[in-house]
Amino acid sequence: MSERYEKGLKQLNELDPNAAEGLIESFRDICPDLAKYTIEYPFGDVLQREGLDFKTRELATIAALTALGNCQPQLKGHISGALNLGCTPKTITEVILQMSVYAGFPAAINGMTAAKEVFESRGIITAK
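All residue numbers for the sequence shown refer to my numbering, where the first residue is 1 and numbers rise by one.
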């Protein structure tokens, strides 16, 4: 394994202790290189840069995935990861709400729905 792969694995597992194993397993039979590239580039290269801490990078990722509007599985994973890093539910929902201004209400509604599902699954809020 390359140094950037090792750094990426460590960074990804900080976000979610089961993420790397799940990523590798999900693409093992069809395209293992996609898992490798995902670990090496975003987590092994970009997230290793100076200038932003991991929590801030996760909030930026939540904003981007919310704005895209069609990335619910990835958005849920990053919301969960942001919580693991110490971001508060309030901070996460404010970032998603901010996206209503720039990405529109449908994207923000989809993002908030994803956040609600993550929060419910963790017992932060309960389903009515």
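These are calculated hints, taken from the structure and not from any lab test.
Note that this is a predicted model, so its numbers are computed, not measured.
Ideal Cβ placement from N, Cα and C applies to all residues, glycine included.
Heads up, a few of these hints could be off.
[What the hints assert, rightly or not] As a list, the in silico BS3-like pairs of lysine-lysine whose alpha-carbon atoms are at most 30 Å apart: (1) K7 <-> K36; (2) K36 <-> K55; (3) K10 <-> K116; (4) K116 <-> K55; (5) K36 <-> K10; (6) K55 <-> K90; (7) K90 <-> K36.
[Claimed, not checked] Derived Cβ-Cβ restraints for the label pairs, each shown as a range: (8) I109 <-> K55: 18 to 26 Å; (9) K55 <-> E21: 21 to 29 Å; (10) K116 <-> E6: 21 to 29 Å; (11) K116 <-> G86: 16 to 24 Å; (12) I109 <-> Q48: 28 to 36 Å; (13) A60 <-> L34: 29 to 37 Å; (14) N13 <-> E120: 32 to 40 Å; (15) D33 <-> T126: 38 to 46 Å; (16) E120 <-> K10: 17 to 25 Å; (17) P73 <-> V46: 26 to 34 Å.
Q. K116 and E6, beta-carbon distance inside 21 to 29 Å?
A. 36 Å, violated
Q. Lying within 17 to 25 Å: is that true of the beta-carbon distance E120 to K10?
A. 30 Å, violated
(Q) 29 to 37 Å was suggested as the range; check whether the CB atoms of A60 and L34 agree with it. (A) 22 Å, violated
Q | K55 versus E21 beta-carbon gap, inside 21 to 29 Å or not | A | 23 Å, holds
**Q.** Pairwise hint evaluation, K36 against K90, where the allowed Cα distance is 30 Å at most
**A.** This hinted pair is violated, its Cα atoms lying about 33 Å apart.
Q) Taken at face value, is the distance from the CA of K36 to the CA of K7 at most 30 Å? A) 12 Å, holds
**Q.** Pair hint outcome, K36 versus K10 [Cα-Cα no greater than 30 Å]
**A.** Satisfied, since the Cα-Cα distance of roughly 13 Å is no more than 30 Å.
Q: Take a quick look at whether K116 and K55 sit within 30 Å of each other, Cα to Cα.
A: OK: K116 and K55 at ~19 Å, within 30 Å.
(Q) Range first: 18 to 26 Å. Now tell me if the beta carbons of I109 and K55 are that far apart. (A) Holds: the Cβ-Cβ distance is about 25 Å, inside 18 to 26 Å.
Q. Range hint 26 to 34 Å: satisfied by the CB atoms of P73 and V46?
A. 20 Å, violated
Q. Within 28 to 36 Å or not, the Cβ separation of I109 and Q48?
A. 34 Å, holds
Q) Taking only the CA atoms, is the gap from K36 to K55 under or equal to 30 Å? A) Cα-Cα ~23 Å, so holds.
Consistency note: the structure conflicts with the earlier hints numbered 7, 10, 13, 14, 16, 17.
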